[in-house]
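Asks: Sequences and hints are given; from them, build the entire structure.
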Amino acid sequence: METHEKVIQQETKSGDQQPEIRRAPDFITVYATSARVAYSEYDVRVFLGDVVFPNPADKSVKGLVEERVCIILPPECAERLESALSDITDCFEDVFGRRETS
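Position 60 of the sequence shown, counting from 1, maps to 60 under our numbering, and the rest follow consecutively.
Calculated from the structure, these hints are not laboratory results.
A few of these clues could be false.
To be verified - No more than 25 angstroms apart at the CA atoms, straight line, and that leaves these computed lysine to any residue pairs for SDA-like: (1) Lys62 <-> Ala24; (2) Lys59 <-> Ser34; (3) Lys59 <-> Arg36; (4) Lys62 <-> Pro75; (5) Lys62 <-> Gly49; (6) Lys62 <-> Thr33; (7) Lys62 <-> Thr101; (8) Lys59 <-> Glu100; (9) Lys62 <-> Val46; (10) Lys62 <-> Val30; (11) Lys62 <-> Leu48; (12) Lys62 <-> Val52; (13) Lys62 <-> Ala32; (14) Lys59 <-> Tyr31; (15) Lys62 <-> Ala35; (16) Lys59 <-> Leu48; (17) Lys62 <-> Phe96; (18) Lys62 <-> Arg80; (19) Lys59 <-> Thr33; (20) Lys62 <-> Phe92; (21) Lys62 <-> Val37; (22) Lys59 <-> Ala35; (23) Lys62 <-> Asp50; (24) Lys59 <-> Gly49; (25) Lys62 <-> Arg36.
As the list claims (entries may be wrong) - Cβ-Cβ distance ranges computed for the label pairs, FRET-style: (26) Tyr42 <-> Arg99: 30 to 38 angstroms; (27) Gln17 <-> Glu100: 36 to 44 angstroms; (28) Pro19 <-> Lys59: 17 to 25 angstroms; (29) Val46 <-> Cys91: 17 to 25 angstroms; (30) Pro25 <-> Val61: 19 to 27 angstroms; (31) Arg99 <-> Val52: 20 to 28 angstroms.
Beta carbons are placed, not taken as given, at the ideal position from N, Cα and C, and that holds for glycine.
Replies: Okay, structure coming up:
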């Protein structure tokens, strides 16, 4: 499976040079089918989770969202993330077509 990446431009104090990207030893990957956002005077929070069903055979039972991680961003980074998500979604749709959402 091919992965397409969009790097969010980072502001640096030493000119226009982009910093090196390196993964931390405790880096984790989280798959999410649910996102919830909140904000305060100082930051934006993105909660990522997965919709789970207690009993998959019983479709009458409402699923629940099991939140797995919260990402806390300063507003400036949230703005850059918003732009990058919009750009990458446009690229995705150019390659794979628009997906119907409810």
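Asks: Next step is simple, just say for each hint if it's right about the structure.
Replies: How the hints compare with the structure:
1. About 37 angstroms separates the Cα atoms of Lys62 and Ala24, which puts this hinted pair outside 25 angstroms; it is violated.
2. A C-alpha spacing of about 19 angstroms is found between Lys59 and Ser34, which places the hinted pair at or below 25 angstroms, so the restraint holds.
3. Distance restraint check for Lys59 and Arg36: the Cα-Cα separation of roughly 24 angstroms lies within the 25 angstroms cut-off, and the hinted pair is therefore satisfied.
4. Taking the CA atoms of Lys62 and Pro75, the gap is near 34 angstroms; set against the 25 angstroms cutoff, the hint is violated.
5. Of the pairs offered as hints, the one joining Lys62 and Gly49 holds, with about 16 angstroms between alpha carbons and a cut-off of 25 angstroms not exceeded.
6. Under the criterion of a C-alpha separation no larger than 25 angstroms, the hint pairing Lys62 with Thr33 is consistent with the structure, at around 15 angstroms.
7. Between the alpha carbons of Lys62 and Thr101 the distance comes to roughly 19 angstroms, so the proposed pair stays at or under 25 angstroms and holds.
8. Of the pairs offered as hints, the one joining Lys59 and Glu100 holds, with about 22 angstroms between alpha carbons and a cut-off of 25 angstroms not exceeded.
9. With a C-alpha separation of about 23 angstroms, the suggested pair Lys62 and Val46 falls inside the 25 angstroms cut-off, and the hint holds.
10. For a cut-off of 25 angstroms, the pair hint linking Lys62 to Val30 stands: about 23 angstroms separates their Cα positions.
11. Between Lys62 and Leu48, the direct Cα distance comes to roughly 19 angstroms. Compliance with the 25 angstroms bound is thereby established for this hinted pair.
12. Between Lys62 and Val52 the alpha-carbon distance is near 9 angstroms, which keeps this suggested pair within the 25 angstroms criterion.
13. With a CA separation close to 18 angstroms, the supplied pair Lys62 and Ala32 stays within the 25 angstroms bound.
14. This hinted pair checks out: Lys59 and Tyr31 have alpha carbons roughly 23 angstroms apart, not beyond 25 angstroms.
15. For the hint pairing Lys62 with Ala35, the CA-to-CA distance comes to about 17 angstroms; that is within 25 angstroms, so the pair holds.
16. Restraint check: the Cα-Cα separation between Lys59 and Leu48 comes to about 23 angstroms, which is no more than 25 angstroms; the hinted pair holds.
17. Proposed proximity of Lys62 and Phe96 is contradicted: the alpha carbons are some 31 angstroms apart, above 25 angstroms.
18. Taken as a hint, the Lys62 and Arg80 pair is broken in the structure, with Cα atoms around 35 angstroms apart against an allowance of 25 angstroms.
19. Straight-line distance between C-alpha atoms of Lys59 and Thr33 comes to about 18 angstroms, which keeps the hinted pair within the 25 angstroms bound.
20. Taken as a hint, the Lys62 and Phe92 pair is broken in the structure, with Cα atoms around 31 angstroms apart against an allowance of 25 angstroms.
21. Distance restraint check for Lys62 and Val37: the Cα-Cα separation of roughly 21 angstroms lies within the 25 angstroms cut-off, and the hinted pair is therefore satisfied.
22. Annotation: proposed proximity of Lys59 to Ala35 holds, straight-line Cα distance about 22 angstroms (limit 25 angstroms).
23. Of the supplied pair hints, the one linking Lys62 and Asp50 holds, its CA atoms being roughly 14 angstroms apart against a limit of 25 angstroms.
24. With a C-alpha separation of about 20 angstroms, the suggested pairing of Lys59 with Gly49 holds against the 25 angstroms cut-off.
25. Note on Lys62 and Arg36: the hinted pairing holds, with a Cα-Cα distance of about 18 angstroms set against a maximum of 25 angstroms.
26. Taking 30 to 38 angstroms as the suggested C-beta distance range, the pair Tyr42 and Arg99 conforms, at roughly 34 angstroms.
27. Separated by about 42 angstroms at the C-beta atoms, Gln17 and Glu100 satisfy the suggested range of 36 to 44 angstroms.
28. Separation of Pro19 from Lys59 is about 48 angstroms and departs from the stated range, judged on CB atoms against 17 to 25 angstroms.
29. Restraint check, Val46 to Cys91: a C-beta distance of roughly 21 angstroms satisfies the suggested window 17 to 25 angstroms.
30. The supplied range of 19 to 27 angstroms is broken by Pro25 and Val61, whose beta-carbon atoms lie about 40 angstroms from each other.
31. Distance hint check: the CB atoms of Arg99 and Val52 are about 22 angstroms apart, consistent with the given range 20 to 28 angstroms.
Hint compliance for this structure: hints 1, 4, 17, 18, 20, 28 and 30 are not met, and every other hint is.
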